[in-house]
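Respectively, the protein sequence lines represent chains A and B.
When you line the first sequence up against full-length UniProt numbering, it's residues 1 to 509, in that order.
When you line the second sequence up against full-length UniProt numbering, it's residues 1 to 302, in that order.
Some clues are possibly wrong.
Claimed, not checked - Computed cross-link-like contacts, DSSO-like style, restricted to lysine-lysine with a CA-CA straight-line distance of at most 27 Å:
#1 A:Lys378 to A:Lys448
#2 B:Lys36 to A:Lys264
#3 A:Lys464 to B:Lys21
#4 A:Lys378 to B:Lys21
#5 A:Lys102 to B:Lys21
#6 A:Lys473 to A:Lys447
#7 A:Lys378 to B:Lys33
#8 B:Lys36 to A:Lys190
#9 B:Lys33 to A:Lys464
#10 A:Lys378 to A:Lys391
#11 A:Lys364 to B:Lys21
#12 A:Lys264 to A:Lys378
#13 A:Lys391 to A:Lys450
#14 A:Lys102 to B:Lys36
#15 A:Lys264 to B:Lys21
#16 B:Lys36 to A:Lys313
#17 A:Lys450 to A:Lys378
#18 B:Lys33 to A:Lys463
#19 A:Lys473 to A:Lys169
#20 A:Lys464 to A:Lys378
#21 A:Lys364 to A:Lys313
#22 A:Lys166 to B:Lys33
In case anyone wonders, no lab produced these hints; they're calculated from the structure.
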Amino acid sequence: MTCTFEYQLLEIVPADERVSLAEIKTPVACCNPSTHILTLIIRLRLFAGLVELQPRPWFCPRMLSPVLCSDLAALEPEYTEADVISTVEFNQTGEFLATGDKGGRVVIFQREPQGEYNVYSTFQSHEPEFDYLKSLEIEEKINKIRWLPPHNPAHFLLTTNDKTIKLWKVSERDKRAEGYNLRDEEGRLKDLSTITTLQVPVLRPMDLLVEASPRRVFANAHAYHINSISVNSDCETYLSADDLRINLWHLNITDRSFNIVDLKPENMEDLSEVITVAEFHPHHCHLLAFSSSTGTTRLCDMRARALCDQHAKLFEEAVDPSRRSFFSEIVSSVSDVKFSHSGRYLLTRDYLTVKVWDLNMENKPVETYQVHDYLRTKLCSLYESDCIFDKFECAWNGTDSVIMTGAYNNYFRMFDRASRRDVTLEASREMCKRRAVLQPRRVCVGKKRKETDVSVDSLDFRKKILHTAWHPKENIIAIAASNNLYIFQDRLTPSGHHNTPEIQSAPPK
Amino acid sequence: MINTMECAVDAQSLISISLRKIHNSRTQRGGIKLHKNLLVSYVLRNARQVYMNEKYAEIYRMQQYEEVMTVCNEIQELNPLDLVEDCEEQTADCCGSANESASLCGALLPVSHQAPSVQHLQPSSACSVPLALQSEEVCKAPEPSFYRSCCAEAYPVSNCDFSPVNSMHCNKTTVLDLDTHVVTTVENGYLHQDCCASLQQCCQGAQSPAKKRKLDFGYYVSEIEEVPDFTPCKRAKFEDSSYASTEPLDTSNISNLISIFGSGFSGLVSRQADLEQALNGQFCSKQALASLGAWTRAIVAF
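With the hints as constraints, model all of the structure from the sequences given.
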């Protein structure tokens with residue numbers, strides 16, 4: 001199988017399609033079964049009877065008639081801040097894709113047999129709250145979503161904002177009991193005098209109804225902002241991490257948690273680092289990794305002691321002291337940590353690079369990839385615009401052979417580990433044409449060598465791809481660009497794994 | 001050593017930008033972000049370090065020139081043959097001894113051995129570290145080394161004239177304790193073992209430096225201008241007893257800075273820096289730094 005880095009747009013899901021209350025429409029889609037190439041269309045297909053959706057007072061649902069993508073640009077509304085996607089996550093089988101946004105909503109997509117992803121369920125997960133004691137507003141933005149491993153027909157996922165974690169159950173109902181004795185079909189009580197016979201209610205099929213209901217609420221355990229959650233491989237516990245502490249929870253117990261890492265110093269004036277991301281090992285239920293703002297990643301073993309402040313391993317690369325700049329500390333802060341699917345490697349993302357670490361070697365990474373090194377001379381202006389604080393995520397593919405991360409100007413980067421080839425692709429509306437294969441982009445410092453090169457100065461730093469996800473088994477990626485969700489599929493190898501990757505040049509248009 | 005080559009703006013504007021960010025973060029939705037403010041405080045510290053480096057380099061060079069000329073004239077009277085040699089040695093000693101990464105103790109010890117070559121100290125453009133190093137040595141072991149005497153003359157009485165806060169902490173952190181919801185701005189770092197009695201209490205108040213702090217020789221910057229920061233509530237949180245003596249001194253300067261920021265940054269623009277030409281800044285933070293009384297005193301004391 002070859003790895004071509006040729007990705008075709010599978011779907012764009014704009015904000016109002018994700019969250020609007022549209023009636024069921026016949027999907028306008030056609031898939032060419034022989035080539036698995038889907039023509040791009042916008043479809044509105046939500047299942048009726050959503051239980052948890054609470055329209056926000058300032059939100060006006062719009063109903064888009066199915067249009068071809070070429071007309072999309074003209075119709076694109078200005079987006080509201082609440083529609084900005086803040087997290088993207090596939091479930092363990094890849095059948096479902098969940099997105100959370102700044103408005104506290106969660107939208108779940110399901111993969112259809114033909115291959116496209118349709119909206120499956122939408123619900124309001126978190127609402128803005130106000131902490132009266134501290135006079136602080138708690139944002140409803142969904143920071144992380146994590147799926148629980150499947151163990152019954154319903155689907156469970158954890159969602160979290162800054163302070164509260166919730167466990168949601170998403171289940172389908174396609175049968176309804178009819179023929180009750182005391183109530184009529186609308187639910188009104190019958191007049192008892194009219195009942196002459198008794199009947200047994202019968203289950204009859206109904207239109208599919210997807211319900212999302214909160215099953216657990218894990219609250220009041222974090223004084224600082226929660227930045228990550230991670231489900232343990234034992235499927236019973238999970239961790240939640242804020243800036244200074246990591247807590248261990250049992251999925252069934254909401255009124256207490258165990259603190260396993262505490263970085264808060266005796267004297268807050270001595271504070272020198274905060275926790276940025278924490279994650280459990282995919283196979284070893286006693287191992288967890290957490291990264292800090294100082295650029296270090298620690299591996300902790302919960303068997304050693306109850307409080308894991310002492311790390312089992314410390315992954316840190318020595319920094320050349322002569323290369324220190326004003327922003328060295330910011331640039332080295334780790335923004336994301338991901339274990340490989342094999343559990344052998346760690347992927348860390350700091351502002352300019354993405355690094356692969358072998359768990360057996362602590363003093364330096366085995367691979368370092370420059371994501372956008374051309375920004376190194378622009379750190380001052382990025383600091384002024386606050387862009388330097390952006391937290392980019394990173395992702396492994398299903399076989400741990402390719403890694404992906406986002407960048408600015410709606411670019412995202414992929415690195416093939418074996419061949420050391422990399423590609424820069426763009427997720428934007430302008431290039432969505434039928435059967436369009438994403439053309440690689442190149443950012444140049446200085447003079448353009450090719451016509452298609454993009455100069456560093458023309459990059460739009462407001463368009464950033466912070467959240468990306470890779471299907472656990474197939475070559476399908478989900479990219480969140482502000483309020484739009486893009487789903488791309490590899491043109492030649494939509495399913496299957498990369499064994500001997502080869503890079504082929506993209507075919508001419 | 002911080003490399004400033006890649007930065008388009010200089011240290012002063014970075015300081016003002018950072019302070020503005022910290023100030024704005026207090027009104028952001030969702031509360032103060034601890035991570036972001038910690039990173040901003042690192043930039044603030046780095047910028048201040050560079051700023052102090054540059055400042056002291058200039059001042060020291062000016063001072064040193066005068067001192068060398070004075071001493072050379074004296075030497076000439078004593079022994080014309082040693083003139084060139086001693087002057088060179090002296091210049092090398094005094095100017096070549098800036099060390100920011102070594103511990104303070106490590107830097108001080110070799111000095112006491114009167115090593116003519118300052119191999120223990122890396123020569124760098126920031127010649128100002130020896131100001132403190134040498135002053136301490138003068139206090140500690142007043143041996144009549146030529147090396148030290150020339151420097152001692154540079155600070156005849158200035159050690160004891162230093163306001164207590166001057167020799168204190170060098171690193172500044174602004175942190176928000178979300179458990180108690182108090183924002184504090186504190187400096188901590190190495191303290192000088194200064195011989196002056198008035199400073200003894202400050203030495204006892206030494207806090208252990210934070211784990212990854214490098215020596216910031218900017219201790220002379222009277223923390224006064226950093227300490228007051230921009231919110232009145234921060235004053236309440238100072239628990240360090242060594243600050244107690246400095247508070248009366250600080251208060252006037254704090255209120256200065258608060259009133260400056262209270263009227264917006266335009267308030268800073270209207271103030272004039274009345275120092276020597278080295279301070280020809282137009283930036284808000286720089287003027288704030290320059291206009292505070294203790295800073296002026298520190299410069300004059302040299």
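Hints versus structure:
1. A:Lys378 to A:Lys448: holds (18 Å)
2. B:Lys36 to A:Lys264: holds (16 Å)
3. A:Lys464 to B:Lys21: holds (21 Å)
4. A:Lys378 to B:Lys21: holds (18 Å)
5. A:Lys102 to B:Lys21: holds (22 Å)
6. A:Lys473 to A:Lys447: violated (41 Å)
7. A:Lys378 to B:Lys33: holds (24 Å)
8. B:Lys36 to A:Lys190: Answer violated: Lys36 (chain B) to Lys190 (chain A) is near 62 Å, above 27 Å.
9. B:Lys33 to A:Lys464: Since the Cα atoms of Lys33 (chain B) and Lys464 (chain A) sit roughly 20 Å apart, the hinted pair holds (cutoff 27 Å).
10. A:Lys378 to A:Lys391: holds (17 Å)
11. A:Lys364 to B:Lys21: Violated, at about 34 Å.
12. A:Lys264 to A:Lys378: It is violated: about 33 Å lies between the C-alpha atoms, which goes past 27 Å.
13. A:Lys391 to A:Lys450: violated (31 Å)
14. A:Lys102 to B:Lys36: holds (19 Å)
15. A:Lys264 to B:Lys21: OK: Lys264 (chain A) and Lys21 (chain B) at ~23 Å, within 27 Å.
16. B:Lys36 to A:Lys313: With Cα atoms ~26 Å apart, Lys36 (chain B) and Lys313 (chain A) stay inside 27 Å; holds.
17. A:Lys450 to A:Lys378: This hinted pair holds, its Cα atoms lying about 23 Å apart.
18. B:Lys33 to A:Lys463: holds (22 Å)
19. A:Lys473 to A:Lys169: holds (24 Å)
20. A:Lys464 to A:Lys378: Roughly 16 Å between the alpha carbons, so the hint for Lys464 (chain A) and Lys378 (chain A) holds.
21. A:Lys364 to A:Lys313: holds (12 Å)
22. A:Lys166 to B:Lys33: holds (22 Å)
Hints 6, 8, 11, 12 and 13 from the earlier list are contradicted by this structure; the remaining hints agree with it.
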